[in-house]
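Undergrad: Chains as they are written, first to last, in the numbering used here: chain A, 356 to 467; chain B, 2 to 115.
Take the hints with a grain of salt, since some may be wrong.
No more than 30 Å apart at the CA atoms, straight line, and that leaves these computed lysine-lysine pairs for DSSO-like [stated by the list, open to error]:
1. K12/B to K423/A
2. K360/A to K426/A
3. K360/A to K72/B
4. K15/B to K360/A
5. K409/A to K426/A
Just so you know, the hints here were simulated from the structure itself, not pulled from any lab data.
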Amino acid sequence: DQQVKQNSPSLSVQEGRISILNCDYTNSMFDYFLWYKKYPAEGPTFLISISSIKDKNEDGRFTVFLNKSAKHLSLHIVPSQPGDSAVYFCAATPSNDYKLSFGAGTTVTVRA
Amino acid sequence: DTGVSQNPRHKITKRGQNVTFRCDPISEHNRLYWYRQTLGQGPEFLTYFQNEAQLEKSRLLSDRFSAERPKGSFSTLEIQRTEQGDSAMYLCASSLRTTNEKLFFGSGTQLSVL
């Protein structure tokens, strides 16, 4: 039962343009959301998070938007850089829990 | 902060053999997690320790799997009588708190069962 879904397995974007990654969830108990970035042969590294009390959180080039009514969040990367080429995982959890539920990931390729 | 360390990085074994992986969390983190990731999927929760106590095991963790965290420091994950379906990346993570706390992951152990 996939509670977190990333329906786009891959995304190709030109350097300098915006990357938009989407994530949908089904569990209404989820109220804390995270994005992780993973390079080959490395573990996932935390990128940015958002609590359900907010609808936007920004950290440098990365912004996460949360639409609770649609059970949808997105990650915007502006501008995209070659070093952003990686797999991005969306994760969610109830804030009183410790288990993260991950999506299947989106592979981002930034073209020079 | 030396990060979460996992050993070995790669393990190739024959079906039916036992394997053991080790995880050293970030030193001040008292919470430790094991996840499993298969190709094309995101990490899936396996088990969780708070200090030395194993507080939850996923139904993904069959009787052939056992995890320990003696003295609340490093952890081991053992798989007995390995099967080809056990082939995956086994990820360890640690954190300081449970709520709204990001997990720090190790680089994982890639298991291949032949």
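Undergrad: Could you run down the list of hints and mark each one as holding or not?
TA: Verification of the supplied hints:
Only pairs whose Cα atoms come within 30 Å are accepted, and K12/B paired with K423/A is rejected, the gap being roughly 42 Å. Between K360/A and K426/A, the direct Cα distance comes to roughly 11 Å. Compliance with the 30 Å bound is thereby established for this hinted pair. As the CA atoms of K360/A and K72/B are separated by approximately 37 Å, the hinted pair breaks the 30 Å bound. Our distance criterion of 30 Å between C-alpha atoms is broken by K15/B and K360/A, whose separation comes to about 34 Å.
For a cut-off of 30 Å, the pair hint linking K409/A to K426/A stands: about 13 Å separates their Cα positions.
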